[in-house]
Amino acid sequence: MDETLSLVLFSGTDDKLTAAAVLAVGGAAMGRTVNVFLQYWALEAFRADRIRKDHGAAPEAGPEGVSALARATERGKSQHWADLLEQAKLVGEVTVHACALSMDLFEITKDDLDPMVDDVEGVAAFMADATGPIVFI
Amino acid sequence: MSSTAITKSIDARGMPCPGPLMSLIGAIREGQIGDVIEVLSSDEGSATDIPAWVAKAQHEMVDVIPEDGFRRFVIRKAR
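Chains as they are written, first to last, in the working numbering: chain A, 1 to 137; chain B, 1001 to 1079.
The shape of chain A in the complex, shown without the other chains (with noise of 0.2 Å):
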């Protein structure tokens, strides 16, 4: 069996999600299972009714790289990472949870998150599903 690819979201940027979104799709279509968890602000992303909302890049993208990510958006060449994530969906086994901890911390609900979000889970049940490498970003 292949390994799997367990993916943990901390950060809420748009940038940082996407780049994690292209990692979850790859990863299915290459045939691993591939676990998301959410914390703190990737979690806060996945608020049902901001999911869809500008998010920001990164601190290291300062203002040039703000830009950049703006020309390629006119480009065409930026797909929204929660359509990544929903072909990621679409092609293998791809499965999102949110961290229990960060859901208590925010005082988030299951029914506050978008409907991609599969279920709430601890961190010790996250790691008994993580046999394979584990990316934090």
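These are computed hints drawn from the structure, not numbers from a lab.
Treat each hint with caution, since some may be false.
[To be verified] Listed below are the simulated DSBU-like cross-link pairs for lysine-lysine, each with C-alpha atoms no more than 30 Å apart in a straight line:
| no. | chain 1 | residue 1 | chain 2 | residue 2 |
| --- | --- | --- | --- | --- |
| 1 | A | K89 | A | K77 |
| 2 | B | K1008 | A | K53 |
| 3 | B | K1008 | A | K77 |
| 4 | A | K89 | A | K53 |
| 5 | A | K110 | A | K53 |
| 6 | A | K89 | A | K110 |
| 7 | A | K53 | A | K77 |
| 8 | B | K1056 | A | K89 |
| 9 | B | K1008 | B | K1056 |
| 10 | A | K89 | B | K1008 |
Treat the numbers as computed from the prediction; the structure is a model and nothing was measured.
Knowing the structure of chain A, use the given hints to seat chain B on it.
Just chain B, lined up with the frame of chain A:
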């Protein structure tokens, strides 16, 4: 130039990585065994991704033809 008859052609030129691969996967899923699918892609990632996926998914990479500013990938659905 391959003389294989193309069942379906996908023009994915201009699409960013991993779009062309995802279009191919969709077409393979919808197709019948033996179908020959052609993907036109200008994405550099496709050059590595499409052959890697085709091998992993056990289909047949019939041809990769360099064209002006893009590549023409020809894949046969094997299962």
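Hint-by-hint comparison with the structure:
no.	hint	result
1	K89/A - K77/A	21 Å, holds
2	K1008/B - K53/A	37 Å, violated
3	K1008/B - K77/A	24 Å, holds
4	K89/A - K53/A	21 Å, holds
5	K110/A - K53/A	19 Å, holds
6	K89/A - K110/A	19 Å, holds
7	K53/A - K77/A	18 Å, holds
8	K1056/B - K89/A	18 Å, holds
9	K1008/B - K1056/B	21 Å, holds
10	K89/A - K1008/B	24 Å, holds
Violated hint for the displayed structure: number 2, the only one.
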